[in-house]
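**Q** Here is what each chain is made of, one letter per residue.
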Amino acid sequence: MQRIGVFVCHCGTNIAGTVDVKAVAAALKNEPGVVFSADYPYMCSQAGQDMIKEAIAEHRLGGIVICSCSPRMHEATFRKTAAAAGLNPYMVEIANIREQCSWVHKDMAVGTEKAIILGKAAVAKVNLNTPLTPGQSPVTKRALVIGGGIAGIQTALDIAEAGFPVDIVETKPTIGGKMAQLDKTFPTLDCAACILTPKMVDAGQHENIRIFSYSEVTAVKGFVGNFEVTIKRKARYVKEDVCTGCGLCTEKCPQKKVPNEFNLGMDNRRAIYIPFAQAVPKVATIDPDYCMMLKSGKCGVCSKVCTVGAIDYKAKDEYIEEKYGAIVVATGFNPISLEKFDEYAYSQSKDVITSLEFERLTNAAGPTQGKLLRPSDGEHPHTIVFVQCVGSRCEACSEKGKEYCSKICCMYTAKHAMLTRDKYPDTDVYVFYIDVRTPGKNFDEFYRRAVEEYGVHYIKGMVGKVSPEGKKLHVQASDLLAGKQLHIDADLVVLAAAIEPDRSARPLATMLTASMDTNDFFTEAHPKLRPVESPTAGVFLSGACQGPKDIPETVSQAGAAAAKVIGLLCKDHLTGNPCVAHADELMCNGCSTCERVCPYGAITYVEKEFRMPDRTTKLRRVASVNEAVCQGCGACTVACMSGAMDLRGFMNRQIQAEVDAICK
Amino acid sequence: MQVTEYKPLIVAFCCNWCSYAGADLAGNNRLSYPADVKIIRVPCSCRVNPMFILRAFQRGADGVILCGCHPGDCHYTTGNYYTRRRMALLFSMLDYLGIERERTRVEWVSAAEGAKFAATMNDFVAQVAALGENKRLEDLRCKK
Chain A
147 MQRIGVFVCH
157 CGTNIAGTVD
167 VKAVAAALKN
177 EPGVVFSADY
187 PYMCSQAGQD
197 MIKEAIAEHR
207 LGGIVICSCS
217 PRMHEATFRK
227 TAAAAGLNPY
237 MVEIANIREQ
247 CSWVHKDMAV
257 GTEKAIILGK
267 AAVAKVNLNT
277 PLTPGQSPVT
287 KRALVIGGGI
297 AGIQTALDIA
307 EAGFPVDIVE
317 TKPTIGGKMA
327 QLDKTFPTLD
337 CAACILTPKM
347 VDAGQHENIR
357 IFSYSEVTAV
367 KGFVGNFEVT
377 IKRKARYVKE
387 DVCTGCGLCT
397 EKCPQKKVPN
407 EFNLGMDNRR
417 AIYIPFAQAV
427 PKVATIDPDY
437 CMMLKSGKCG
447 VCSKVCTVGA
457 IDYKAKDEYI
467 EEKYGAIVVA
477 TGFNPISLEK
487 FDEYAYSQSK
497 DVITSLEFER
507 LTNAAGPTQG
517 KLLRPSDGEH
527 PHTIVFVQCV
537 GSRCEACSEK
547 GKEYCSKICC
557 MYTAKHAMLT
567 RDKYPDTDVY
577 VFYIDVRTPG
587 KNFDEFYRRA
597 VEEYGVHYIK
607 GMVGKVSPEG
617 KKLHVQASDL
627 LAGKQLHIDA
637 DLVVLAAAIE
647 PDRSARPLAT
657 MLTASMDTND
667 FFTEAHPKLR
677 PVESPTAGVF
687 LSGACQGPKD
697 IPETVSQAGA
707 AAAKVIGLLC
717 KDHLTGNPCV
727 AHADELMCNG
737 CSTCERVCPY
747 GAITYVEKEF
757 RMPDRTTKLR
767 RVASVNEAVC
777 QGCGACTVAC
787 MSGAMDLRGF
797 MNRQIQAEVD
807 AICK
Chain B
0 MQVTEYKPLI
10 VAFCCNWCSY
20 AGADLAGNNR
30 LSYPADVKII
40 RVPCSCRVNP
50 MFILRAFQRG
60 ADGVILCGCH
70 PGDCHYTTGN
80 YYTRRRMALL
90 FSMLDYLGIE
100 RERTRVEWVS
110 AAEGAKFAAT
120 MNDFVAQVAA
130 LGENKRLEDL
140 RCKK
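Protein sequence lines, in the order shown, are assigned to chains A and B.
Residues are numbered in our numbering as their position in the first sequence, beginning at 1, plus a constant of 146.
Reminder that position 45 of the second sequence reads as 44 in our numbering, one-by-one numbering, no gaps.
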C-alpha cells in the first residue's frame, strides 16, 4: 500500500461551482492508503504546486492523486511537480473532475458524488502504480535517404548542410529521378534540368553525402536512432571509382538495340550506357541482359577502348551494412500502366503516348532533340488531343485505374498545350478534362494563359474512344457543356496517365514496418500535424511516396522531413515513453500472437535459459519487447492468451482496480 | 414507501487520443450528459480486455460503452480494428449468456466530436436505464 496524498482543485469556481471540493477531499481521506487530503483554489499555480511538494516531503507520500482538470491539460505539469519533490513522476494520477464532471453536470450533489467516485478510482489506480523510468537509447548520427529523385536529393542536401552524414540509395544508375526526364516545369516554365542538375552535382560533391546508385535496400533491422540497414550494390561491371565517365565505351559498344528506358523506350541505347549526360555519378553501367560479353563471353570492346581500365566483367553484387539514426523514404512515383485502357489505343498506335513520353519528345536531350515529331513516322503533328484523368478519379474502374486525383496532370497538360502552341502556332490543341484543378500559387493564372493567350481548346468531357484510321487517330468524345458528340481526327494523342507509388514501396514498407494506405502510398503519422513522419518512429516521408505531389510541394516536404531528421540526429540520447508493454517471461508460452498484432514490430522472440524446479536449465522461447519501439497501445496485452503481456502505466490490475472503484 | 429514481451505472472506456479528448471537448462546450457515466482512460481502445467489461458487469455495472478513434484514424494505426473484432466476439458471447445486447456498445468518437460524445452518452444511458438493473451477471458476493 502506498502512502497517498489527495489534492482537490477548485479551479476558481470551474470545479467548486458544481462540486463540493471540501466534501470530496474529506471523502477521499477515508480511502485505503490516503494519508493526506487537501483542497486548494488553483492547484496548478505556483503556490498550489508548492503545497503539493511540501505535502510529499512532510507526509512521505509515495503517490499522489490530483482531482482537477483533464490529464491532457496538466498531467505533465503535476508530473514535473512530483519529480521536483523527489517523487517518481509516474506515481501521479489525475482524476478529471472538471471537463468530465463539473462542466457537464449542473447539480452540486450529483457532481460531488461523481467527483468522489472518480477520485476513488484514481486512488485505487495509484495504489498499484510503480515508479517508471523512461528508457534511453543512443542515436547513430547518420541518415539514410531511400530514393534519389528531387525529394531524396533535397532531403539529403538539407541534412548534410546541417552537418550530418547522409547516404542516398538509388536503384537507377544515376540520381535525378523523374524530374531529370522532364522538359520544363510549371508554372514558371523554367527548364527542369537547369534547376535539377546543379542540385545533383551538389549532392554528388557534398562531403557529407555518399551516393549508392544502382543499389537497393534489402533488409532493415533496429529502431529509431539505431537502424541497421543492408544495402545491395548491384554489379555494374564498371569500377565506379576508376571510370571517368568519358563515354567512349558507350559509343563503341556494338550492341546498339537496347531500349533506352530514360527515353521511355522511344530510342535505343547501347549495352554499356550512361543514362544521360548530366548523370551523377557519371559512371558507365553494363546492362547484363544485353551485354554480349556477359551473356556469351564474346566481345569485350568496352574493356579494350577504356583508357583507364574501369571495366570489370567479373564484378559481383555486394552487400554492405550500415547503421543509421533515421530513415527517409523518398521512393517517388510512376505513371500507371495503360495496357488495360484499350479505348485509348495506347498499345495499338505509336502515336498515342503518355505525358511523360511527351516530355521526352519535347526535351532537347530527348530522342527527337526537342522537335515535336510523331513517333510513328517522324512527321510534325498538326492536331494534338490531350486526355486528362486517364486512370485518375476512376471510381467505377478501380481495377484498372485509381480512385484518387493524381494532382499534377491538370498543370502539366496545360504546360504541354501551352508549349506546343508556343513552338508550333499552326497546331490545333484540344484538352479533354473532367475538371481543371489549379490550386497552387500562380497555377490558375497559368491555366488561364493557356486558354486565353495560347488558344488551347479546353473541352469539358471525356474521350470515349481513340481508333487509329490510316495515318490519323480518330477521337470520339463528348462535349458536356455544348451537349454534343465530337469527332476529331488527331495526329497525336497524349494521355495524362494516373500516377502510382513506385513498386519498390510496398516491400520497403514491410521492411520498415511503416504503414501504407490502400493505394500503397505511405501513411503519415498525422494527416495535418505530422505530415512528414511515418507512424513508425524514426521513419520520415519525402515526396510522392506519401501522395501525389508537384515539385514545389515535394521540395517543401523534403525540407520538412530533413528538419525532422536533423532534430532527431541532434539528440545524443532518445528518451522513451515508459508506459510500454512488458512480457512476464515466466508466464509467456512463446506463441507469437503478440508479435503478429504489434503494429510496430516492437516484439521479438528470444531464446532464454530458465532454471527448472529440478535444478536443470531449459531453453525457452519468450517474447521480448523493444521499449524504444513500443508505442504503448496495448494491443498485445489483450491478444496474449497466457496473460504474460502487460502495459506499464495501464496494467491489467490498475484498470481493474478502477473498474472496481467505480462499480463499488 | 419512498420510490427512488433508478440510476444506471455506466462504465465508459475511452481511448486517450480521440474519445477521451472528445469527452473533454463535451466538457469544454458544457454539453451535459448523465453523471451515471464514469470514464476510464486507456491508451487505445485495443487496450480494453474483454475481461474488464465482464469485470464491470460482475461488479454491478448496468452498461459498458467502449469509445475509440474512428476506423482508419487510430493513433496506433490498427488498434481500433482489433477492438472491433474483439468486441464483436465478446458481444456475441454476452448475447449467448443472455445479457441484453443493449447493455454494451462500441462507438467511434473523435477528438472533435464533443457533441457526438454527449449525444452518445445521453442515448446510451437512456437505453440502459430502460433495461433496468443488470442482475444476471452481477456477482452478489462482490456486494458489501
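No lab work stands behind these hints, which were simulated from the structure alone.
Source: prediction; values computed, not measured.
Hints may be right or wrong, so weigh each one.
Only pairs whose alpha carbons sit at most 30 Å apart, straight line, appear in this in silico DSS-like list of lysine-lysine [what the hints assert, rightly or not]:
1. B:LYS6 with A:LYS810
2. B:LYS6 with A:LYS764
3. A:LYS810 with B:LYS115
Taking beta-carbon pairs under 7 Å as the criterion, some of the chain A residues facing chain B (in silico) [what the hints assert, rightly or not]:
4. ASP792
5. PHE796
6. GLN802
All C-beta atoms, glycine included, are put in the ideal place defined by N, C-alpha and C.
**Q** Could you run down the list of hints and mark each one as holding or not?
**A** Here's how the hints hold up against the structure:
1. At roughly 14 Å between alpha-carbon atoms, B:LYS6 and A:LYS810 fall within 30 Å of each other, so this suggested pair holds.
2. Straight-line distance between C-alpha atoms of B:LYS6 and A:LYS764 comes to about 56 Å, which puts the hinted pair past the 30 Å bound.
3. Of the supplied pair hints, the one linking A:LYS810 and B:LYS115 holds, its CA atoms being roughly 28 Å apart against a limit of 30 Å.
4. For the restraint placing A:ASP792 at the interface with chain B, the shortest Cβ-Cβ distance is roughly 10 Å, beyond the 7 Å limit, so the hint is violated.
5. Taking 7 Å as the C-beta cut-off, the interface hint given for A:PHE796 holds, the closest approach to chain B being about 6 Å.
6. Of the supplied interface hints, the one on A:GLN802 holds, with its beta-carbon coming within about 6 Å of a beta-carbon of chain B, less than 7 Å.
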